[in-house]
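K.L.:
Protein chains in written order, with numbering that gives the first Met the number 0: chain B, 0 to 306; chain C, 0 to 306.
Quick caveat, the hints were computed from the structure, so don't treat them as lab data. Just so you know, these numbers come straight off a predicted model, no measurement behind them. All the given hints hold, so there is nothing to weed out.
If several chains are the same, the list does not tell them apart, and a pair holds so long as it fits within one copy or across any two.
Each computed DSBU-like pair below joins lysine-lysine, with the alpha-carbon atoms no more than 35 Å apart: (1) Lys125 x Lys159; (2) Lys159 x Lys117; (3) Lys117 x Lys151; (4) Lys124 x Lys159; (5) Lys159 x Lys121; (6) Lys159 x Lys227; (7) Lys235 x Lys117.
Number of protein chains: 2
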Amino acid sequence: MLQRPEHQVAGHEAGSGTLGPLIDGSGNFFKPLNPSDERGAQELAFYTSFYSDMRVPHSIRSSYFPSFGGTRILPVPDSPDLLLPHLVLGDLLHGYSDPCVMDIKIGARTWYPSVSEKDFAKYWKKDSESTTPLLGFRISGLQVHHESGRWKPHRDTVRKYTVTDVRQSLRQFVSKNPDETDPDCAFASSVYGGSNGILAQLLELKSWFEGQTLFHFYSSSLFIAYDKGGKAAQAKLIDFAHVMEGEGIIDHNFLGGLCSLIKWVSEILTDPELVAVPDDPEAAERTADPIAATGPAEPQAMVGPTE
Amino acid sequence: MLQRPEHQVAGHEAGSGTLGPLIDGSGNFFKPLNPSDERGAQELAFYTSFYSDMRVPHSIRSSYFPSFGGTRILPVPDSPDLLLPHLVLGDLLHGYSDPCVMDIKIGARTWYPSVSEKDFAKYWKKDSESTTPLLGFRISGLQVHHESGRWKPHRDTVRKYTVTDVRQSLRQFVSKNPDETDPDCAFASSVYGGSNGILAQLLELKSWFEGQTLFHFYSSSLFIAYDKGGKAAQAKLIDFAHVMEGEGIIDHNFLGGLCSLIKWVSEILTDPELVAVPDDPEAAERTADPIAATGPAEPQAMVGPTE
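One chain only, chain B, in its complex shape:
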């Protein structure tokens, strides 16, 4: 039984007259390949190439990318007579009950070398109006489930996020009280910290990006999710309509933005106020020493400039 994903925070939504993704409730996520838009074909080309390129380490593919199962012809909701091919991807939120989700578009620019003049102007404007050039990333959407329900800022609100708003959002995302002025970051240590937490995952991804020269991920997003019901926190890359060949050059645009995000996440973990009033004492013990918390991978990166 196909349905619209309930927890989508960015991108096109399936609805009357607009195409959007569908899920089948059994772990599949179907993304329509609009024949009038070359982006779908480009994303399919990326998945095909990415999943057949043996130079991509298996651990990177399976940990940080959606699974890919080819394409499938499906009816379009509200227009059941219209059949369209869809990408068959893994549903990243399968099994989650009340997921907290964030979509972060990585890179100091989203336009790419071969972009048309018209598209360039569009991307340039969107970038300039966002934190993209300043921060090297922008938040495209988020939702947080807390005790009294779901908190999901409106897209138009998120679109206007300043640097300060983004910093605040990264704290709200792991808080029991996301909609209050002073979010408590109660889940910071369990979601961002620890050897399997978001920070450790971002560091592993960073390590791959320091070496990989196969792909340049323009306008791709980092999708971050966790579930207070117990599902482990995960970071995945999504949206590959503008991936270009790397041609022997690292993706410094993505890597720089990723490092910027890593710095801010690590700052939340090392915030002395948060370490002092932990949600659970064991987690606090782990985060008190961020080096131990994130394992041996480049601990130096986590320490701010000190004398």
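Based on the hints, put chain C in the right spot on chain B.
P.N.:
Chain C alone, transformed into the frame defined by chain B:
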């Protein structure tokens, strides 16, 4: 006795009608502060701030930046009646006899947030015509001393360097035969490799850039020099007329470009052909294992994507 630096490969040169740096042969490098150009005042402001900010680690300041000794009023060559204030900096090539020098402008863009429209157009054009947006850096100048003399490509040639030319230049820079089609990279292991080599220095600098949120270095250069006469290879940051305050954000533009350069330098060191025909056997032993060669600092970064 003030004179023009003999081994300048980029930037303004002192001459009839143009201002440029001078050296005194005793270790001082004097950079004119042109009162009609605000860049001088901005660079002075940076040095003053940088050298008084205790959050900058001493080891970073002393290893990767020129020393700073305030300002001094000096006569302008060819116009001895004209007196101008100069920045007093350490002469990075003091004591070198036949230095090999490279100036690499780091970053995927050289324009900065507050740039005027006119300057933006100028920087944008220069960037677009160079490898800056593609590679995250461009070579601004280089010279190599080899047995039969000095090889120094013309500025206009360097300005037109393609991605392929830049890759080649990084090999020519450490070769006995820089002007031949197939540079031998005879000095790769001794200059780029080893625990005190350029790669290890770049990795230490990278580590600082992953954490520092004090300064954003737009349009700054990495100055790399070594001397076949025995002076150790050094990497220094120079040119700070467009350094901006970091305001809590890392310099992802500089960091991304630095990682891109690191990748290419490490590729030369791990090139199986070069490891097989080494200049000196001990160095070859070191470079055969780039992890051992660069010490404990983030060895993962050096290994390309492998299964």
